[in-house]
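Student: Here are the chains, one letter per residue:
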Amino acid sequence: MKYALLIYQGEEFEQKWDQAPDAERAAVYAEHDAFIDLLKQRGALIGGHELAGRSSATTVRNNGSDHVITDGPYAEIAEQLGGFYFVEAGDLDEALKYAKALPAGLVEVRPIVGSAA
Amino acid sequence: MTGDDPLERAYREHAVRLLALLARELRSFDLAEDALQDAHVAALQLWANDGVPANRAGWLLTIARRRARERVRREATLARKLPLLVTAAGDHAEPPFEEEEDVTTIPDERLRLVFTACHPALSTPAQIALTLRLVGGLSTREIARLFLVTEPTMAARITRAKRKMAEARIPYRVPSEADLPERLGSVLAVLYLIFTEGYLPSAGVRLVRVELCEEAIRLARILRELMPDEPEATALLAPMLLQHARRDARLRSGHFVRLPDQDQALWHHDEIEEGLELVVRAQRYDRSGAYALQASIAAEHTAWVRGSSTNWNAVATLYERLEQVRPSPIVRLNRAVAVAEAFGPAAALPLLDELEDELPGSYQLPVARAEFLLCLDQPEAAVAAYDRALALQTNDIVRNHLATRRAVAVRSTKSASARSSPSTPTRL
Numbered sequence: 276m277k278y279a280l281l282i283y284q285g286e287e288f289e290q291k292w293d294q295a296p297d298a299e300r301a302a303v304y305a306e307h308d309a310f311i312d313l314l315k316q317r318g319a320l321i322g323g324h325e326l327a328g329r330s331s332a333t334t335v336r337n338n339g340s341d342h343v344i345t346d347g348p349y350a351e352i353a354e355q356l357g358g359f360y361f362v363e364a365g366d367l368d369e370a371l372k373y374a375k376a377l378p379a380g381l382v383e384v385r386p387i388v389g390s391a392a
Numbered sequence: 007m008t009g010d011d012p013l014e015r016a017y018r019e020h021a022v023r024l025l026a027l028l029a030r031e032l033r034s035f036d037l038a039e040d041a042l043q044d045a046h047v048a049a050l051q052l053w054a055n056d057g058v059p060a061n062r063a064g065w066l067l068t069i070a071r072r073r074a075r076e077r078v079r080r081e082a083t084l085a086r087k088l089p090l091l092v093t094a095a096g097d098h099a100e101p102p103f104e105e106e107e108d109v110t111t112i113p114d115e116r117l118r119l120v121f122t123a124c125h126p127a128l129s130t131p132a133q134i135a136l137t138l139r140l141v142g143g144l145s146t147r148e149i150a151r152l153f154l155v156t157e158p159t160m161a162a163r164i165t166r167a168k169r170k171m172a173e174a175r176i177p178y179r180v181p182s183e184a185d186l187p188e189r190l191g192s193v194l195a196v197l198y199l200i201f202t203e204g205y206l207p208s209a210g211v212r213l214v215r216v217e218l219c220e221e222a223i224r225l226a227r228i229l230r231e232l233m234p235d236e237p238e239a240t241a242l243l244a245p246m247l248l249q250h251a252r253r254d255a256r257l258r259s260g261h262f263v264r265l266p267d268q269d270q271a272l273w274h275h276d277e278i279e280e281g282l283e284l285v286v287r288a289q290r291y292d293r294s295g296a297y298a299l300q301a302s303i304a305a306e307h308t309a310w311v312r313g314s315s316t317n318w319n320a321v322a323t324l325y326e327r328l329e330q331v332r333p334s335p336i337v338r339l340n341r342a343v344a345v346a347e348a349f350g351p352a353a354a355l356p357l358l359d360e361l362e363d364e365l366p367g368s369y370q371l372p373v374a375r376a377e378f379l380l381c382l383d384q385p386e387a388a389v390a391a392y393d394r395a396l397a398l399q400t401n402d403i404v405r406n407h408l409a410t411r412r413a414v415a416v417r418s419t420k421s422a423s424a425r426s427s428p429s430t431p432t433r434l
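Sequences listed follow chains A and B, in order. For the first sequence, our numbering gives the first residue as 276, with consecutive numbering after it. For the second sequence, our numbering gives the first residue as 7, with consecutive numbering after it.
If you are wondering where the hints come from, they were derived from the structure by calculation, not from laboratory data. Keep in mind that a hint or two might mislead.
[Said to hold, decoys possible] Think about it this way: if two alpha-carbon atoms lie no more than 30 Å apart in a straight line, the pair counts; the simulated BS3-like pairs of lysine-lysine are:
1) A:277 <-> A:315
2) B:168 <-> A:277
3) B:420 <-> A:375
[Unchecked claim] A few chain B residues that face chain A, going by a derived Cβ cut-off under 7 Å, partial list only:
4) 173
5) 174
6) 175
7) 176
A virtual CB, placed ideally from N, CA and C, is assigned to each residue, including glycine.
With the sequences and hints as input, model every part of the structure.
Tutor: Take a look at the structure:
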């Protein structure tokens, strides 16, 4: 069964990330590399990406009659999507183990439709 | 429901075991429940004519499996993939009546049910509803009545929970060794929530919903039977029994009676004895586990049985230790009450101030404050605190009690020399 692991980040985190020196970023990427290795070992990795920060977002809303384009993420909420992984897992417990191993503070786990074996 | 009919209880025990087994075989709770229900209906009809078979459970299991196969075949005509029963090729002719499963060989699958129903990915109300349904064997209607909601509301809650289980694929298993302690915590919490809801119902006109308490105790006993080496499972049962033992003494003529004033002849002493034995056993395993500590606290309150009174100093210390193991604002509130009893309310008031932000909806915090203020001869402030408590409390009997105490405070404001006796606001 496939799951999406969605990483959410607060504004403070994003600001610190923007200003962080290379060495700090490298350390975080190293943690993610380790996580990716873990997934690969288990044959669980399907894919994943880091997303650019919230200030880079553009929202397209479909009103039915037309599309409205606005600057920014769709809602002014504290935590915004920062990245995601797609994983293969036998059941929710396994997916949750991966979510706990992910180097991030807040992860949402969502099943991917049509992926049940 | 749970109370009276021994036949009903016996069926329920069987039904839960069979449900667990079928759920495992069929990998679907819905299918298992429906199949079992079909079997039950068939049984009632056939047994009325042919008499009750000796191996009732085996019979039900056989019929349930057959009904499940029939349902699957019907539903397979819709183009859906189903992860289900092995159907042998050429499964056209109805097989002859199978050998009945020997009841003693039916493995006890109930533990899987318990852990699945209490999975943390489900909301707490969902965990409670599923536990009562799948493990307790209660009907949706019975559960709805216990929680004072309508049957459709409870049915929707259970349906949503099952849907989450299916969509997210919550596994039907006992967690691995490594995960067990954390997941067991969920289970214990659910059972304790069911008990406390019965012990002091959050709404309505009754002080105790005995059926809920009894159901929680019954489930705690089952858990203990299924996990005899797990100390917290033993420890959970102790405070339940010790509190439950006082159920008939907590009300007198519809009015709430505090612990020191209760008629001990109405206490169920056999339950107290059992509870105290369990406390000793729990302490032997591990004095510092959360439920062992709660058991010890409950045991302290039984001092009244031996003609003395609660050792509040000991209780305060126990709550302090409980705070280390399972920190929570309620634990800190209870500790504040114990401190007030042991050392006087002046010592405890500052402890309440720390809790103001953490327990916004709780009536117990203003009640404690009110009682302390009354003792400290500040009746006007006490009245204000009672008002806050009354605004938050929806159980009629507790409200009446609070109103009575408030009246005492009001009288105090009018007469400067009036004193009120110290009270134990949360000791019900």
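Student: Each of the hints needs a verdict: does it hold here or not?
Tutor: Checked hints:
1. At roughly 15 Å between alpha-carbon atoms, residue 277 of chain A and residue 315 of chain A fall within 30 Å of each other, so this suggested pair holds.
2. Under the criterion of a C-alpha separation no larger than 30 Å, the hint pairing residue 168 of chain B with residue 277 of chain A is consistent with the structure, at around 19 Å.
3. Taking the CA atoms of residue 420 of chain B and residue 375 of chain A, the gap is near 61 Å; set against the 30 Å cutoff, the hint is violated.
4. Hint status for residue 173 of chain B: holds, given a least beta-carbon distance of 6 Å to chain A, under 7 Å.
5. With a least beta-carbon distance of about 5 Å to chain A, the hint placing residue 174 of chain B at the interface is held under the 7 Å criterion.
6. The interface hint given for residue 175 of chain B is met, as the beta carbon of that residue sits about 5 Å from the closest beta carbon of chain A, less than 7 Å.
7. For residue 176 of chain B, the interface hint holds, the least distance from its beta-carbon to any beta-carbon of chain A being 5 Å, beneath 7 Å.
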